[in-house]
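Trainee: What follows is each chain in one-letter form.
2 protein chains.
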Amino acid sequence: MAPFNLKTISVTRAHHGTLHRLQHDSETLSSVATFAVFVPGAVEDFKDKFPLLLYLSGLTCTDENVAQKGCAFEHCHARRVAMVMPDTSPRGDDAADDEAWDLGKGAGFYVDASAAPWSRHYKTYSYVTKELPKVLRACDFADALDHERVSISGHSMGGHGALTLALRNPNAYASASAFAPIANPTASDCPWGQKALKAYLGSADCDEAKSHDATELVKSVEAGTFKMPILIDQGAADSFYKTQLHPERFVDAAKERGCDVTYRLHDGYDHSYFFVSTFMREHIEFHAAALGSLKI
Amino acid sequence: MAPFNLKTISVTRAHHGTLHRLQHDSETLSSVATFAVFVPGAVEDFKDKFPLLLYLSGLTCTDENVAQKGCAFEHCHARRVAMVMPDTSPRGDDAADDEAWDLGKGAGFYVDASAAPWSRHYKTYSYVTKELPKVLRACDFADALDHERVSISGHSMGGHGALTLALRNPNAYASASAFAPIANPTASDCPWGQKALKAYLGSADCDEAKSHDATELVKSVEAGTFKMPILIDQGAADSFYKTQLHPERFVDAAKERGCDVTYRLHDGYDHSYFFVSTFMREHIEFHAAALGSLKI
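From first to last, the protein sequence lines are chains Y and H. Every position in the first sequence, counted from 1, becomes a number in the working numbering once 291 is added. Every position in the second sequence, counted from 1, becomes a number in the working numbering once 291 is added.
Keep in mind that a hint or two might mislead.
Intra- or inter-copy, both count: the list cannot distinguish identical chains.
As the list claims (entries may be wrong) - Calculated lysine to any residue pairs in the SDA-like style (CA-CA distance at most 25 Å, straight line): (1) Lys298 to Gly559; (2) Lys298 to Ala528; (3) Lys340 to Ala580; (4) Lys425 to His438; (5) Lys340 to Pro294; (6) Lys396 to Gln359; (7) Lys340 to Phe565; (8) Lys489 to Gly383; (9) Lys338 to Asp558; (10) Lys338 to His307; (11) Lys338 to Gly559; (12) Lys533 to Ser301; (13) Lys533 to Val302; (14) Lys338 to His557.
Think of the hints as simulated: they come from the structure by calculation, not from any bench.
Let the hints inform the model, and build the full structure from the sequences given.
Mentor: Encoded structure:
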């Protein structure tokens, strides 16, 4: 049997590279798990391996949303960066779920659940940080990738995931970026975060919850010690901007702790992939620079 | 009442421009009709109006497929070209339909149906060539557009539509392009074309059907008289390439008649929007050059 019972769902030529969709048995999630990887095309003048950009998706999404709507691969190929797209939750038939779209399947929040019924499967923090990197080394295209050079990005719930994973693992990533992140999920004026953290961790007010809140995490950074560059984009016409996301709370706290954070608020943009895809090129260029990949 | 009973469904900021979705009462289709227009962002150094690129979608699609998956708007903005995206069929509740996905709704084939029950609503040729240009002049962003400078493109059924509309209206468009067009729909080895033309026109073998077949049309061109540049891309791993599309038949006939046609066959690419989006930039650059719009 292949390691992790890895199976290829599809291999699709796209933007001069190849989009691989794979499925495997995840020990961490006690579930089957799906993910996708875009591998840039081979180019004669590029002798290096491709560094990785991990992209964490938002509520309700799978790996397919950014693959189809993100306008990312054209720029991944141009900058010689591979993009890794995990799913947003376990998906097996026995994984707990909820009728709401913002809890359960599609809404793992990149934490390790400790409260029933979620604790059996909802370990998306450990899945992304520990198991997925091992699975990537077992893929049949693994030799094309530089598994030691990794950056992280994401949208909304996944934008927050990118920030928390970066803050909790300061040596794991070369750079972090977020599109419209849910930046302070333990706050009382973030209903999505309150609901998810209460369900998965038993409370949105406990130390464990705060250790998965990007704004709380960055407040605890010793000034000047977190060196990873951070880029955050936010749409000013995003209907969740002032009711769920609160990105400036993170930005202000990060600046106060001496972090290298760039924040841009864009007039007229909403929360959709029309916003994400607009600024995708600049995020990929930002990560390519930090990863020491190709600059044009 | 607004002209054509025009209503705005949504206005979304995207890629430094604006995506407008609109609905109106179509006299041609005896139906409500939806379409979308991407208008590039205003840029100080561009004093001109935006020329139009009409994009005709393929089977099962609406205006939303290319808007979400085409990776077009980034390049439309860069080249200062507006993109117009009509729907692929009438959609009203009383419009005839068929259980199959390749006939009826989503499958208008850009012809004017003459056979019952389709003839009442399925007039997508006249809709795109005659009514839609008038509706565009009534939109509240009409003054930003140069309605006299238009090019045409499309995918699959819509790629064929682009070629036939160009050949039937040689002075209407500056350039024509197609992604994986159904290039010879009256041929016995094109089941999609046989089925649709038989239904809409009563026969796939009549003069009327042949007058909507790009390969038959180009054969009737007087050598050297059709000056419009044509670009066609085809994926070599497209499962419909040899069973439905037959693009080389059109290309060979067009070259024989002295047309300015560029044909590219791409290893490994399929029929999906991963193929379309890969080559979208080059299509937009091709049309921008023919339209005399911005070149970078």
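Trainee: It remains to establish, for every hint, whether it holds in the given structure.
Mentor: Hint check results:
1. Proximity of Lys298 to Gly559 under the C-alpha cut-off of 25 Å is restricted to the inter-copy arrangement: shortest distance 21 Å between copies versus 42 Å within a copy.
2. Taking CA atoms no more than 25 Å apart as the test, Lys298 paired with Ala528 passes between copies only; the shortest distance there is 21 Å, against 41 Å inside one copy.
3. Proximity of Lys340 to Ala580 under the C-alpha cut-off of 25 Å is restricted to the intra-copy arrangement: shortest distance 15 Å within a copy versus 37 Å between copies.
4. Proximity of Lys425 to His438 under the C-alpha cut-off of 25 Å is restricted to the intra-copy arrangement: shortest distance 9 Å within a copy versus 56 Å between copies.
5. For the identical chains of this complex, Lys340 and Pro294 are intra-copy neighbours only, at 22 Å inside a copy versus 58 Å across copies, given an alpha-carbon limit of 25 Å.
6. When the C-alpha separation of Lys396 and Gln359 is checked against a cutoff of 25 Å, the pair qualifies both within a copy, at 20 Å, and between copies, at 24 Å.
7. In this homomeric assembly, Lys340 and Phe565 come within 25 Å of each other (Cα to Cα) only across copies, at 24 Å, whereas the closest approach inside a single copy is 31 Å.
8. Taking the closest pair of Cα atoms, Lys489 and Gly383 come within 25 Å of each other only inside a single copy of the chain (22 Å); across copies the shortest separation is 46 Å, beyond that limit.
9. Taking CA atoms no more than 25 Å apart as the test, Lys338 paired with Asp558 passes between copies only; the shortest distance there is 23 Å, against 41 Å inside one copy.
10. For the identical chains of this complex, Lys338 and His307 are intra-copy neighbours only, at 16 Å inside a copy versus 35 Å across copies, given an alpha-carbon limit of 25 Å.
11. Proximity of Lys338 and Gly559 under a CA criterion of 25 Å is satisfied inter-copy only: 23 Å between copies versus 42 Å inside one chain copy.
12. In this assembly of identical chains, Lys533 and Ser301 lie within 25 Å of each other by CA distance solely across copies; the values are 21 Å between and 39 Å within a copy.
13. Taking the closest pair of Cα atoms, Lys533 and Val302 come within 25 Å of each other only across two copies (21 Å); inside a single copy the shortest separation is 40 Å, beyond that limit.
14. Taking the closest pair of Cα atoms, Lys338 and His557 come within 25 Å of each other only across two copies (24 Å); inside a single copy the shortest separation is 37 Å, beyond that limit.
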